[in-house]
Structures are given as C-alpha cells and as structure tokens.
Amino acid sequence: MIFNIARKELKSMFASPMGWVILSLLMFAFGTYYLNGVNDYFAVMSGSMRPAERTGVTQFVGQTVYGFASFMVLFAVPLLSMRLIAEERRSQTLPFLFSAPASLTEIVIGKFLGLVLFLSILVVYIGLMLSTLNIWADIDFGFLVANSIGLLFMIASFSALGLYFSSMTQQPVVAAILTFIALFALMFLDRFFAGDPSNTLASLSLTRHFQTFANGLIDSADITYFSLFIVTFLTLTVRRLDADRLRG
Amino acid sequence: MTNFTVEAIELTRLYGGRAAVSNVSFNLSKGEVLGFLGPNGAGKSTTMKMLTGNLAPSNGSVKICGIDMIENPKEAKALIGYLPEMRPLYKEFTVDEYLTMAARLHRVSAKHIKPAVERAKARCGLSHMSKRLIENLSNGYQQRVGIAQAIIHSPMVIILDEPTVGLDPIQIRDIRALIRELGQEHSVIISTHILPEVEMVCDHVQIIDKGVLVFNGSIDVLKNQRVGNKLLIGLKNPPSVADMLGIAGVIEAEMLPSGLMRVRFAEGATPAEAIVQASVQNGWGLHQIAPDQTSLEDVFVQLTYQEQPIVAE
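These protein sequence lines map, in sequence, to chains A and B. Using this note's numbering, read the first sequence as starting at 839 and increasing by one per residue. Using this note's numbering, read the second sequence as starting at 68 and increasing by one per residue.
It is worth saying that the hints were derived from the structure and are not from the lab. Take the hints with a grain of salt, since some may be wrong.
Simulated crosslink set (SDA-like; lysine to any residue; CA at most 25 Å straight-line) [to be verified]:
| no. | chain 1 | residue 1 | chain 2 | residue 2 |
| --- | --- | --- | --- | --- |
| 1 | B | K141 | A | R1083 |
| 2 | B | K141 | A | T1073 |
| 3 | B | K158 | B | E142 |
| 4 | B | K158 | A | M856 |
| 5 | B | K158 | A | L951 |
| 6 | B | K141 | A | T931 |
| 7 | A | K849 | B | Y157 |
| 8 | B | K130 | A | I1056 |
| 9 | B | K141 | A | L951 |
| 10 | B | K158 | A | P939 |
| 11 | A | K849 | B | N203 |
| 12 | B | K141 | A | M856 |
| 13 | B | K141 | B | T167 |
Just a sample of chain A residues kept apart from chain B, beta carbon distances all over 10 Å, derived [unchecked claim]:
| no. | residue |
| --- | --- |
| 14 | N842 |
| 15 | S929 |
| 16 | Q930 |
| 17 | F934 |
| 18 | L966 |
| 19 | I1015 |
| 20 | N1037 |
| 21 | S1041 |
It should be emphasised that the depicted structure is a prediction, and the values quoted were computed from it without experimental measurement. Beta carbons are placed, not taken as given, at the ideal position from N, Cα and C, and that holds for glycine.
Next comes chain A alone, as it looks inside the complex:
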C-alpha cells in the first residue's frame, strides 16, 4: 500500500512540469559545478608544491559538488514538497486516499517515499557523474558512498519537514515558504553559534550533521539524528491528518 501511494506521488511529480524543470535545472547546475571543479583542481594543484597541500581529486571535486548539492536541495525540496498535501487539500482530493483501505501512516510514508525516491534520482546522478572521474584517475569510492548517503539523509529530512508544513495549510505557496524558512534556520543554526560550537542548539543544525558525511565518515550518531528528525516530522504529519478526521 505504501508502495502504491509512493508510485502515485512519483507519477504525479512526473506529470507536472515542475518536477522536470527542477530536475533538469539542478542537473545542469551540478554538471557545471563538476566541470568547474575539475578545472579548478588542476589550477589549484599545479600551484601547490608541497605534498601536504595536495588533496585527492575525489575529495576536491566531490566536496565542491556535494557541498553545492546540499545547499541547492534547500530550494528544491520546498518547491516539490509543498504540493504533497496542501494541493490535495485545496483540490479536495484527500478523501480519495482517506477512503482507500490504507492507514494514515501508510499514506504519509507513501507520500514521503515518493518524494525521496524522486529526489534520489539526483543523488544517483551525482554519484554517476563523479564516478566518471575514474576513467582518468583512481578515485575513492568510499568517499562518494558516504557523501551520497549523507545527501540522501539530508534530502529525506528536508522532505519530512516539508511534508509536515504541507499538511498544515491549504496553500502550497505558504507551505513552501514556511518549509524554506524552517530549513534555512535549521541549516545555518550552527553559524549563529559560531563562537560557541559546543552549544546544544548548534548541534541541532542539519549542516553540522551533514559535515561528517561530507568528510567521508559514516557516523551512527548522525544517522540517528537524521532518522529521529524524519520520524518526528512524519509522526507530526500523521497526527495533523488525524486531527482533520477527528475535528473535521
């Protein structure tokens, strides 16, 4: 049932121009960054004489592209997640899902998975693009895998938050703006506490947890953080929809 709902979401994302436009624009941007990254690598490395200054091509190009990608999804997710529930509410199509033999949890997880699957196209694409470096160099696939997992968690967390804000309103645009503001705050929370990096609030920052993945580390603490983040917002969404049914 979850799979059927995810499939429906995927289908409707590909049925609208929005999905295609976002995918193609992002891929164009990532491609450009990749090219620039490779060019810059030669420029920078030819300048750095001492071995200590030298980094591998995977890390150099990878960090450029993944760093940019984690920033770009900040714009992409709200635009895609805003429709998930708000649009259905506005066009009164929610009864279609609510009358089907599916629980609210299944509906919410289905919608969430639909969006994550759609965006994971980007993760796969970036991974493949960076793997082409292997034709000329001997690249570090472990680094790519860690970054891909990190980016996927980042996307999933963004989507869960976006889904929650989408369930709170009838206006997709309002949902998008709220999601964007919330994500922006969460991403740059650690910047506000730059003077005091051990602050508890700073460790809520999504960027900080992505950072370990960006360095090629898969840390269970960060995985737990992202998983809790996702579960929290999905639960809140289920509760929000349940309130609809109870209060009407």
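Got chain A; can you put chain B on it based on the hints?
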C-alpha cells in the same frame, strides 16, 4: 452475523458544540438503494463522511458488513466505494491512469486491474475517453470518472454524494439507470435534493433535517402519503358547496380561484362515480376529474418543517 451491509448506530457529530448530525441510526441490506434527502446543510454529507471513515463520529458507530469502521478501518474501507461531493480527481492524469491508480489503492490484484478498469469504464460510458486527460473532460464526464472510481473494486457498499449534480438530462438518465443496475448486486446510498430522482431510483428513503432523521422508510410509504384523499373537479356550471357536500362520502369541498373545485372525501370512500352521476343529472357540465396529488415537494416540506418525527415500518 447480520445481513446488513451498512449499520449506522446513533451517529452523532458535533462541530464546536453544535450538532451537525445527531442520533442517526439506520440499516441497509444487500441489494437496496437508499436515498438520502434533505435541504442544504441538513447533514447529508457529514453523515456520508462518517459512513466512509473520512470523519470520526463524536458518538455512535458504523458497521460495514459487520466490520466496525473505527476498530478495523482498513477492512471496512475496503468494502466501500465513495464519491464525495467534490470529485476527488487528479486532473493531471488520464482516465486510464487515474482508474488504474484507484484500482491499485483499493487492493485490486495486479492481474485483475485491467479488466476492472475496462469494466468500470464500460459501465460509466467512458470507454472512448481512456486516453484523455481528466482536466480536459467536461463536467459530466468528470462526474462519470468519479463514479467509475467508486465502483472499480466492486465494493459491497457504494456511497455517492449527489451523483447527478451538473449533468445534462440524458446523462442523468444514464446515471440513474446505472445506479439502479448497481443496486441489484450492491448496496447503494445516494444523497440528493432532487426529489423525483429518489422516487425513480431508490427503494428506501431517509429524510434528514437539521441533523435529525425525520423520515425513514420505504419509498412506497412516501408515495402513499402524497396520493391523498382529494379530488380535483372541473365543472362548467358548478353547484354550491352545500350541494357537493350532499354527495355520500364527501366531507369537504371548496372552490379554487382557478375555477376548479377541490373535494376531500372520507378515508376509504370512493365518491368519484357518485360525483359524475350527480353532475350528469344536474347538468353541472363536468369536464375534468382527477385525484389531487400533493407533490413530493409538499410532502418533503411538510416533513422537514414538522416537529414530530414519522417513523414508518
């Protein structure tokens, strides 16, 4: 095990202290069509939302084929096909895509999806619209897609909220025929405020007003109520009211402004023949005699303005 497909037990729904629906109870058996009548805002849609599990009742319970909607919502919902007042159509899909999706969501097994979609389309006259985007269909065709989505998994209970709204007369006739056909193997609940529709389609009628059930019974009871004990008589040389009262069985007579005379007779009496004879003998010049039917509208108005509920059966 009971044989009822739908059991509503003391359904109540409060909106901030105001009861939109209060203490509505009824049963429906297999192969019956139930018409839900009521003025705007009477609670028809609210009741239907509760029956389909889209809205939690404040009190009371719903059982579909003996399965409780609150305890086992998934099993109960699997037995229902629902078309809400606002058609839940995803307009970016084609008819085929949409119906396939509906079939999947209602757990039609993979190999039965295609035949199910074809059958639903054939039944609703959509076969030639398969590849069209729902967005580009006319209002009437969109309504048909809505109905097709509700019957795609051949549910035990079909609930249609105002299914004939926005259709042209020919489409309305088709849809009514379809509802009657569906009513033979499934239980159907329709809500409407078009009264003749109820008479044509339904076996059972419920009239709801301000959230309270004011009439619950078979359609025949309602029909009997409207064929009253009155005659409408047209006479060229009408006699005085007293003369008319002299005829056996007549207990009341009045001249109407239209020149016709309305005669009320005692229960069980059939004064028509006597009136005709008297008219011939006295040269009243009879040119018209007909039973004076209260229209269904009148019955409806009577019922919805009445304080005491009438419970038939």
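Status of the hints after comparison with the structure:
no., hint, verdict
1, K141(B) with R1083(A), "15 Å, holds"
2, K141(B) with T1073(A), "19 Å, holds"
3, K158(B) with E142(B), "28 Å, violated"
4, K158(B) with M856(A), "15 Å, holds"
5, K158(B) with L951(A), "22 Å, holds"
6, K141(B) with T931(A), "19 Å, holds"
7, K849(A) with Y157(B), "11 Å, holds"
8, K130(B) with I1056(A), "51 Å, violated"
9, K141(B) with L951(A), "21 Å, holds"
10, K158(B) with P939(A), "22 Å, holds"
11, K849(A) with N203(B), "19 Å, holds"
12, K141(B) with M856(A), "33 Å, violated"
13, K141(B) with T167(B), "20 Å, holds"
14, N842, "5 Å, violated"
15, S929, "8 Å, violated"
16, Q930, "4 Å, violated"
17, F934, "4 Å, violated"
18, L966, "29 Å, holds"
19, I1015, "23 Å, holds"
20, N1037, "43 Å, holds"
21, S1041, "40 Å, holds"
The structure shown violates the earlier hints numbered 3, 8, 12, 14, 15, 16 and 17.
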